[in-house]
Structure formats: structure tokens, C-alpha cells
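J.: So you can see what is in the structure, the chains are spelled out below.
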Amino acid sequence: MAICLFIPVIWMCCCPVSTVAKEIKLKQLVERMKIFDGNQIEIKGEVAGDIMKRKGGIWLSIDDGSETMGVWCPKDILPKISFIGGYKSRGDILRIRGIFNMACPLHGGETDIHAIEIFRVQEGYPLHHPASPERIKWALILLALTVFTAAAYWWKKSLIPK
Amino acid sequence: MFKPIRADYSTIGFYSGKIVIGIGLLMLIPAFTSCLFGEWLAVLDFMTGFSLCFIIGLGLQIFTSPQKEINWMLGMVIASVSWFVSTCIGAVPSWLSGQYGSYLDACFDVMSGYTTTGLILIQNLNHTSNGLNMWRHLLSYVGGQGIIVVALTFSMKGFANTYSLYVGEGKDERLLPNVIHTARIIWIISLAYMGIGTFFLTFAIRLAGMSWTRSFLHSLWLFMGAWSTGGFTPMSQNLMYYHSSVIEIITLVIFVAGSLNFALHFTVWHINPKEILDNLEIVSFTCTVLITSAFVLLGLERSGIYPTVLSSWRRGFYQLVSAHTTTGNMTIYGTTWIGNWGFISYSGIIIAMAIGGSACSTAGGFKNLRIGVIFAALVEDIRRLISPESSVFVQRFHHIKDQVLTDKYIRMIMLIVLSYIGLYAASTFIAVAEGYPFLEAVFEGISAASNTGLTCGLTSPSMPSLIKIVYIFAMWAGRLEFMALFALFGFIGCIIWGRK
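Residue numbers (the working numbering), protein chains in the order written: chain Z, 578 to 739; chain F, 41 to 540.
Think of the hints as simulated: they come from the structure by calculation, not from any bench. Some hints here could point you the wrong way.
[As the list claims (entries may be wrong)] Here are some of the chain Z residues that sit facing chain F, going by a computed Cβ distance under 8 Å:
#, residue
1, Ala-625
2, Pro-682
3, Gly-686
4, Trp-715
5, Thr-723
[Stated by the list, open to error] Sample of chain Z residues at the chain F side, in silico, Cβ under 7 Å:
#, residue
6, Gly-626
7, His-705
8, Ser-735
Ideal placement from N, C-alpha and C gives every residue a C-beta, glycine not left out.
All chains should be built: construct the whole structure from the sequences, respecting the hints.
T.: Written out as C-alpha cells, the structure reads:
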């Protein structure tokens with residue numbers, strides 16, 4: 578009787594992935610593809626690069642800091658995206674629930690996630706890259722030295738008879 | 041063995057200085073790109089790198105002079121020194137970008153670019169400025185043709201009659217009698233393909249759903265990465281980012297073209313289009329592609345990872361040709377090689393990477409010509425064994441023209457192939473000694489030394505510095521095909537042990 582009570586508990590502990598979505602790092606997905614293949618997973622990451630509209634859906638690139646992966650989603654479930662990650666902006670952070678495919682039959686064997694639900698959990702923001710005064714100072718010093726070296730070079734060259 | 045004299049150092053310094061100035065001028069292109077997109081911090085990084093190049097380059101021009109004629113030894117030493125110095129200086133703007141864990145990591149990426157390897161240690165690639173992306177891909181494009189070829193192309197004063205410099209860079213075929221004209225032809229071929237390739241890629245990427253501006257930039261960078269068989273891409277997912285079979289096909293055509301001998305391109309364009317059917321390199325390349333493809337596709341069939349035969353072909357053939365041409369563009373994740381593809385496919389990829397592309401091209405590895413010649417020599421030896429002793433054989437092979445296969449030529453080829461095998465073994469051994477699994481160490485070691493750039497995940501910013509240094513050396517030695525490095529070591533030996 579006691580063992581019967583423990584069976585569900587043992588099953589929950591031993592089963593590496595349940596069919597219930599659970600937030601996971603993309604690096605883990607990539608390293609343990611066979612285990613997660615075909616299962617429902619949940620990821621959280623930044624929209625990076627481009628949103629590519631295609632026939633029947635949209636491709637998103639999700640970068641969670643550990644890895645980047647393509648997410649295929651129907652147009653109607655994509656929330657409003659304010660910022661896409663790049664040099665000048667930190668992209669919106671999305672939480673995505675979907676099916677992980679080690680080799681997607683719909684997309685020529687690509688490793689991807691087919692989104693079921695997408696929530697925007699954090700809006701992105703513009704990134705600024707101000708130059709520190711120290712760096713500007715060194716750049717100017719080096720530029721002055723370049724001018725000086727160039728002048729010395731032309732002076733030396735003028736001394737050599739043609 | 042004589043100790044080098046002041047005139048030797050002066051000559052090496054003079055020519056290396058010119059190359060450094062050339063690298064400085066190249067930095068103006070990414071600086072201009074950054075200006076266009078308002079990336080002012082990146083502009084500052086490139087102007088700092090530009091200033092350093094000019095201070096060092098012009099400084100060398102002031103304090104040194106070409107006091108000696110460039111002989112073979114000096115030519116080779118100048119080539120290897122120039123590549124090393126160009127890497128150290130080229131890494132400055134990359135390092136200043138703040139996207140590298142250390143200066144060594146930046147040097148690793150720059151050497152990877154110049155040598156058209158494609159292994160990367162850059163962090164946060166998805167947030168890289170357009171200027172830095174332009175720099176990374178430009179390094180790869182220029183490195184593919186050769187840093188010295190650039191100097192020769194612009195006929196920098198004093199570079200005439202410097203065939204040994206050209207050979208020192210791993211290219212040994214004159215397309216035209218004059219080496220400067222040869223360098224210019226190499227650039228004309230590369231730029232013509234660049235125009236065509238970028239045009240088609242721009243439309244393909246636009247169709248994939250990106251804006252016109254980004255389509256153009258990405259197409260330019262993808263072309264540079266593919267043509268130079270470097271495999272750099274602007275996004276961390278590599279070719280997977282685009283989710284497009286059309287882009288995969290175009291890049292595949294570009295890197296196959298890039299991996300072919302420039303002498304073959306020139307002959308097919310100008311002299312004899314049928315050369316492509318008779319050339320030993322093409323025959324060798326076709327045979328090895330077919331054999332290694334069979335390995336890969338058989339392995340994939342047995343592993344059953346892909347749902348259809350078509351998807352198996354799409355993934356398998358692309359990775360295989362990318363490996364064989366030593367490009368390194370990927371449409372799968374690195375962990376897939378060992379974890380999912382199975383040992384047979386893995387072996388096919390390893391063999392393809394080790395063989396590599398054509399001689400006098402942008403590719404690395406043993407080279408198809410050498411494999412073809414070794415096979416022809418083997419056939420000749422077997423014929424000799426089974427023929428009467430009095431028989432006389434003259435073995436010929438066709439590469440651009442009919443050539444006689446001499447023992448001296450075979451010995452030279454064997455020396456280079458054995459050097460590659462030694463380098464592959466050494467790169468593997470170091471990684472195993474540092475605690476990495478054998479299969480991963482073999483994959484990454486061969487990938488670095490053959491200038492391929494495919495990765496199974498071993499190469500990362502967190503890997504030990506020793507492995508980074510070994511891979512930098514492996515990429516350098518593999519790209520210059522050893523002779524220039526042997527000459528450099530000989531030169532250093534002369535400094536230490538030479539007689540006055």
C-alpha cells in the first residue's frame with residue numbers, strides 16, 4: 578500500500594521532463610535535445626535581431642543569455658514588440674510556452690520552438706554607449722602622435738634625394 | 041647558419057611597417073560604417089586602432105629601410121611577422137568594443153578572421169555594432185585573399201619582385217608572370233563575385249523578412265564570410281538565423297566558388313572553360329565530397345535524427361560542404377555533431393575538414409590538389425610494382441596545364457601534409473590534456489588547424505588560455521602552410537645560435 582503511494586512521487590522525481598511546461602535555459606535545450614524533443618517547454622529571453630514575417634507565421638530570435646534559438650509563432654499570438662535587441666537597444670523580454678523540436682518536420686529539420694503562448698514580461702529600452710572622457714583623451718593623444726609621426730615621416734622622406 | 045645582421049631586421053621592419061599601415065587604412069571602412077549608423081563609440085575605437093597602426097607603421101618606415109633584396113628566407117619571415125603583427129594591432133578596436141573577455145580573446149577572433157577560420161570568442165554577438173561586424177567580416181575577406189596580396193594589389197612602393205612574400209602567405213601559383221598583376225587578378229575575381237553574390241543575397245534576405253538596409257548589410261557580410269571560407273556571420277545563430285533554404289543554397293554556391301583555386305577561376309574565365317572538367321583538383325574535390333557525403337548521409341540515416349530524407353540531405357550536405365571547403369557556416373547547433381549525428385557522420389565531417397579546399401584559394405586543410413597528387417603517386421607506385429623492372433614511367437597530372445609528377449614535388453607535398461597531421465594531433469593533444477573529451481578535442485583541433493571553424497561547443501570564452509594560444513598558433517600555421525613559420529623559427533634559431 579505504502580509503495581503505491583510513493584509511485585507517483587518517484588515518477589515525478591525520475592521523469593526528466595514532464596509534458597507540463599517548465600522554464601528552461603536554451604543552453605540546456607541544446608545540450609539535451611533528445612530528452613526535450615517534442616515536449617512542451619517554457620523559455621524566457623530577449624527578442625534579438627529581426628522579426629521575420631513569413632507565410633503562415635513569424636520567426637523570432639530569442640536570446641536568453643545562454644544561447645539563441647528561433648521561435649516560430651502564428652501572427653495572432655505575438656504581443657506588441659516595442660524594442661528589438663541590437664547594438665542600440667535591449668529587446669523586449671518575452672516568456673514563451675511552446676513545443677521544442679530537435680529537427681522540425683515543418684522547417685526542414687531545423688532545431689526550433691513552435692510557440693503556443695507568448696507574453697511580454699518586460700519592455701526593452703534604448704541602449705546608450707557614451708564614450709568616457711578617459712577614452713576620448715587617449716584617442717586624441719594618439720591622433721596627435723599620428724600627425725606628429727606622419728610629419729616626421731614626410732620630413733625624413735624629403736631629406737632623401739630623388 | 042649566420043646570425044642575422046642589422047640589414048635583415050631593417051628590411052623585415054620596413055615591409056612589416058607597410059603592411060601595418062595597410063591594416064590601418066582598412067580600419068577606415070568600419071569607422072565609416074559606424075559613422076553612417078551613428079555608432080560614435082565604435083568610431084572612436086576604430087580611430088584609436090587607426091592611429092596606433094599609423095604610429096607603428098610610419099615609425100617603422102622612419103627607423104628602417106629596405107637594405108637588402110628580399111630572398112626566400114626574408115620573404116617568408118616578413119610574411120609570418122606581418123600576419124602576427126596585423127593580428128595584434130587588428131585586435132585593438134575589437135578589444136576596445138568591450139565584447140571580449142580579454143585582449144587574448146580579441147586576438148583569437150582576429151586571427152580566426154584573417155586565417156578565415158571562423159571560430160569565435162566574441163560575447164553578446166547579437167548586440168554588436170555594424171562597425172564591428174563590418175570589421176570582423178572585412179578581416180575575413182581580406183585574410184582570404186591574403187594581407188600581402190592587398191599590399192601587392194596596391195603595388196605599394198618597394199613590393200615589386202617580391203614573389204617570396206606572396207608564396208609565404210600560402211599561395212604559390214602565379215596567374216600572370218608579374219606577381220603584382222597576379223595579386224590584382226585575385227582581387228578582380230573576388231570583387232566580381234562579391235558584386236554578384238551580394239546582389240542575390242540581398243534579395244534572398246529581403247524575402248526572408250528583413251529590412252532593405254539590414255538585408256544589404258547582412259548580404260555583404262554573409263558574402264564576405266562565405267567567399268573567404270571564413271564562416272563568420274553577424275548573428276550568433278550563424279546561418280540558422282535566417283531560416284531560409286534559398287540563403288543556404290546561395291551561400292553554399294559562394295563558398296564552393298571561394299574554395300576553388302584562383303588560377304582555376306582565371307583559366308576558366310579567360311583561357312579555357314573546359315579546364316573545370318579536366319583539373320585534378322576538381323576531380324579530387326568531387327571524389328572526396330562524394331565519399332564523405334556518403335559517410336555523413338549514411339550516419340544520419342542510421343541515427344534517424346531527421347524526419348525526412350530531404351531534411352537529412354539539407355542539413356547533412358550543407359554541413360559537409362561547409363566542412364570540406366573549410367568555411368564553417370552552420371545550420372545546426374554545435375552540440376549536434378557528437379550528441380546526435382553519430383560516429384559515422386562525425387567521421388565524414390572530420391575527414392572533410394582535414395582535406396579542405398583548393399590550393400591558392402581562400403580555403404585551408406591539406407588541399408585537394410595534394411590529395412589528388414598523393415593518390416596519383418600511389419597509383420604510379422602500384423603500377424611500377426606490377427610492371428617489369430625495365431619499364432620507364434612518366435606520371436603526369438593535369439592542373440591548369442599538364443605537369444610531370446616528380447619525386448621532389450611529391451616529397452614537398454608529403455612534408456606539408458605530414459605537418460598538417462602533426463598540427464591536428466598537437467591541437468587535439470593539448471585539449472585532451474586540459475581535460476576535454478577526446479572526440480570534442482579532435483573535432484575542434486582539426487577545425488582550428490584546417491581553418492574550418494565548425495565547432496562542437498568546445499571553443500568558448502571560458503576555455504583555458506593555453507588552448508586559446510594553441511588554436512591561435514594552429515590557425516596561423518595552417519593558413520600560412522608552415523613554410524613561412526618554419527622560416528621564422530629558422531630565423532629565430534639563427535638569432536640565438538647563428539655564427540657572426
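J.: Out of the numbered hints, which ones does the structure contradict?
T.: Numbers 7, 8, in rising order.
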